[in-house]
Amino acid sequence: MGEQIIKIEGLKAEIDGKEILKGINLTVNTGEIHAIMGPNGSGKSTLSSVLAGREEYEVTGGSVDYLGKDLLELDPEERSWEGLFLAFQYPVEIPGVSNINFLKTALAEKAKYQGREAMPAKEFLALVKEKSALVELSDKLKNRSVNEGFSGGEKKRNEIFQMAMLEPRLSILDETDSGLDIDALRIVANGVNTLKTENNATIVITHYQRLLDYIVPDFVHVLYDGRIIRTGDKNLALELEERGYDWLIKEFA
Amino acid sequence: MKYTEEHLKEELKDKEYEFGFTTEIESEKAPNGINEEIIRFISGKKNEPEWLLEYRLNALKVWQEMVEPEWVHVKYQKPDFQGISYYAAPKKKKELKSLDEVDPEIRKTMDRLGISLEEQKKLTGVAVDFVMDSVSVATSFKEKLGELGIIFMSFSEAVQKHPDLVKKYLGTVVPTSDNFYAALNSAVFSDGSFCYIPKGVRCPMELSTYFRINESGTGQFERTLVVADEGSYVSYLEGCTAPQRDENQLHAAVVELIALDNAEIKYSTVQNWYPGDKDGKGGVFNFVTKRGLCETNAKISWTQVETGSAVTWKYPSCVLKGDNSIGEFYSVAVTNNYQQADTGTKMIHIGKNTKSTVISKGISAGFSQNSYRGLVKIGKGATNARNFSQCDSLLMTDRCGAHTFPYIECENSTAQLEHEATTSKIGEDQIFYCLQRGISEEKAISLIVNGYAKEVLNKLPMEFAVEAQKLLEISLENSVG
Amino acid sequence: MTLLKEKNIDLPQSIISAEAVKLAVDKIDSLDFPTRRTEDWRYAKLGKILNKKFDRPTSNRINVNEFLITELDVYTVVFVNGVFNEEESLLPDETGVVCKLLSKEAGAVSEYDRLAKDSNEIFSAINTAYASEGIYLRIEKNYKVSKPIYILNVCTGTQLISNSRCLIVAESSSEVEIVQGFYAKSSKENFNNSLTEVFVKANANVVIHKVQNLGSEDRQVCTEEVHQEKDSTFKINTFQLGGEFLRNGLNIRVDGTNCYTEMNGFFNGKNSQYLDNHTRVDHLKSNCTSSELYKGILRDSSTGVFNGKVIVHQDAQVIEAYQQNNNVILSDNAVMNTKPELEIYADDVKCSHGTTTGQFDEKAIFYLQARGVSKDSAKEMLVEAFAEEVFEKVENEDIVSFIKSLI
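Chains as they are written, first to last, in this note's numbering: chain A, 373 to 625; chain B, 642 to 1122; chain C, 17 to 423.
Calculated from the structure, these hints are not laboratory results.
Built from N, CA and C at the ideal position, the CB exists for glycine as well.
Treat the hints with care, since some could be wrong.
As the list claims (entries may be wrong) - Calculated lysine-lysine pairs in the BS3-like style (CA-CA distance at most 30 angstroms, straight line): (1) 366(C) with 987(B); (2) 501(A) with 987(B); (3) 987(B) with 494(A).
To be verified - Anything over 12 angstroms on all C-beta distances counts as not near chain C; from chain B, calculated: (4) 1047; (5) 1054; (6) 1066; (7) 1108.
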């Protein structure tokens, strides 16, 4: 078993006074891939937003230990600098800001935080070339404005490209597979698998078992009504695909 | 950490005017006030021909009969026109042959502004006509331009050396009676630039003038006249920055562009005059009349980045008189604290197949008011005229205002006009996306704003674009609500 | 009063509310008469409508059958030259509706003139000072009127001046649909000055369809002052058809949260018509949406004006406001002046406006011609298609077909 990356204990969170997360417990160690599944409205995206530090959500209880630090005390950008990466379900368009400039700024700020010199331009461009090949992102897209005019699949590939550039310790993929055709899915999954090392970990949030054929999880968690109601291995996902969630929910009730 | 209005208030207090310093040069000043005697004094000082004195005196008469305009969305303490000195010139007036002869004080100022002539010369190939307190002190690249027959000199010099050209074109695009401030300028204009590109000549370098307002209590009345003769091309840059002052300073410039058949003029401005302090005290009043005339197949393109001045009132316009002529207006206007900007353009379509494009990006922060006011007029004879206008406003706080007042008047059934405008808040989602990628809030705002304004910034010549981007960043530091 | 004398307006003062008349008369004296330099009137040749000597109307006995909407079951309230015509009217007799003549309610209605008195519109003041009659509608709380109320105003005679006045109060959670029609019968160079005040109280829903189809030499200034309270809905559809000079001023104050406001308009300019639509929405409270769509056709030597103002006041957050104005110019002598305005003093807003002025796609016309449709018919088909977007906003099909029959 690897080193502990994140330990979530009794995490509760609400938005506009409505409790969404009602006590989440989850530990992720290096080298692991965790899948979180669950019906609509169970709190999957809320969990990723809370971990990334969106302010709309108020954490009302519990704790999150991330690499020995209290994650909930960190600003969103500090979480990023500490190696937490969220692949957004709906990547935001930023008109006029080129992908390359965006990433250069992101890497420079991270380097500054870590007390390193920013990467020289030549090295940076070489890295861009290497990492973009991973998700088959064309030069044209790299130079376009962040996510602007990208197709759904291109946006998701761009997320994985950014993930490759930022080399996170913990990646959270929020429904990265939804809306992808099988080719795009394969490319995205291939990217994620290539980036997997003994030193990092991934949380995959998804609706569909399909993705898990490509990214094979070590653990599958079922989230329902703000709690994890079942944890199993990849076979649990297959069972869910076949039987749906109702039987689990009934059992839980 | 949530960024609240409290933070904003706290941080805005500390925002300093980057270029806020004063150059100490003795200058010769006219007594305060405006009357026939003062006009004769100015004209005499400049050794002007009789016709120009007449021009000024006539303008004075016209001005005295005009009423100072009231603007619905602009509020300011009106200037005391009799409390202003209408002429100030550095005392040292000898002709300078090389940059080394420039006053060390001025050189120091230029260095602080990052516009050292030598550097400009080497790095950018720009000929700089540096205007300090209304009188040109240094002009470079003159010889090279001279070989091509290009005339680029201070207005006063042009009056002496090329009186026929000046007389022929002065006031032909902006008549004396055009508006209150144009009339005032016509009466008392101090100096400015004159540029003439001969037939078929493509000016090989960007022509540039840096304006600075310096002497306390000195109004600035620049007069610029650019004439592009048939088939010629010129790109003209105008950049401004002013020292910090407590009292308001009036600036009422007039810029006239004339693009004859098949000629093209590109006129770019970066304006960063002192905007006043965080409480809205002080700052420059910028009431400018800029207009260009296009003859057949001619093109005039205005690009402006406006971040300074307490009050800006400015509508660089194109009169598309000739058939197939083209007018363009690209603008970014940033207002912060208590700044007020009322800016836009007028595109007057007269000739057939005339085209105009208007792209305006307003950014409002603090307690500022930022208005786009534009007119697109399609005359009866402007068959097949086309206009596209896009006016966007970005709001940074909940105490600022962004307004859009487009006038679209069409008298021709073959014209096609399209106008779009949007007003929105800077996207929280966009900022969060940046934060998640490890880009701090301040940097994120700068990225987003520069991206928002990119369409316009891209129209600026390279050497200006960098400066403009920096200006946007400085102007909007810590300004999100 | 000298001003009005100069403008040949010579009428007995209104008897509706002495207090309001006094205020209005003072205001008329204090206000300058609009000229082309008055920003809100910059395209209007006002002289043209008021350089006549207008007389006071007398007779009001005419048959209005031709203006009735036969397919539709409605209540009717008929005014001829601003004078109530009882024989032709079929007033609402439902328990939840108060429908009375304003002159009979003299001063008893607290809402009367409450909106108009704060405006600086001289024509509103003239209306308050001189309107001899008007209609007062109050829909009681939680009451939904069973059928539309049709208010007809017919102009007849020559060079007469009439003031139409209407006060609508929709109490909370009430619902009403109103058709306001302005027509002409043997009418020549008449001037109608109409003023309607509408109170849409909490959660109420008011829909107005306004049809202006006056005579080719008639002039009209038509003003609406609307006040919306929280959770309310107000929709107004304007159809500007006949009349030499038609000037509309629509002012809506959205003074409550969670309101919905919709303004649609179609204007169809012919001959030397002057068709002017000024609208203004003031968003004073948060969480509201307003949507505006005006479309115009300009033929012959007609002139169209659209000036739409959306003002989002400070502290009115989370506002969505959309404004669209599309115009088609079909003649070399026609003119269109457009001025959509956004004034935003809050930051959490989504506002946009778009306007286009142009002509029909030549390719579309050619396509139709190639299929055997004459060029003129092709154009008319495209006009119809162009206007359809506005008609789609009118939910009541019978009202749609009635209005289409007028075009």
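Results of checking the hints against the structure:
1. Between residue 366(C) and residue 987(B), the direct Cα distance comes to roughly 26 angstroms. Compliance with the 30 angstroms bound is thereby established for this hinted pair.
2. The hinted pair formed by residue 501(A) and residue 987(B) fails the criterion: a straight-line CA distance of about 46 angstroms is larger than 30 angstroms.
3. As the CA atoms of residue 987(B) and residue 494(A) are separated by approximately 46 angstroms, the hinted pair breaks the 30 angstroms bound.
4. Here residue 1047(B) does not stay apart from chain C, with its beta-carbon only about 6 angstroms from theirs, under the 12 angstroms limit.
5. Against the 12 angstroms criterion, residue 1054(B) falls within the reach of chain C, whose nearest CB is about 4 angstroms from its own CB.
6. A beta-carbon of chain C is positioned within 12 angstroms of the beta-carbon of residue 1066(B); the least distance is around 5 angstroms.
7. Annotated as non-interface, residue 1108(B) keeps its C-beta farther than 12 angstroms from every C-beta of chain C; the closest such distance is 28 angstroms.
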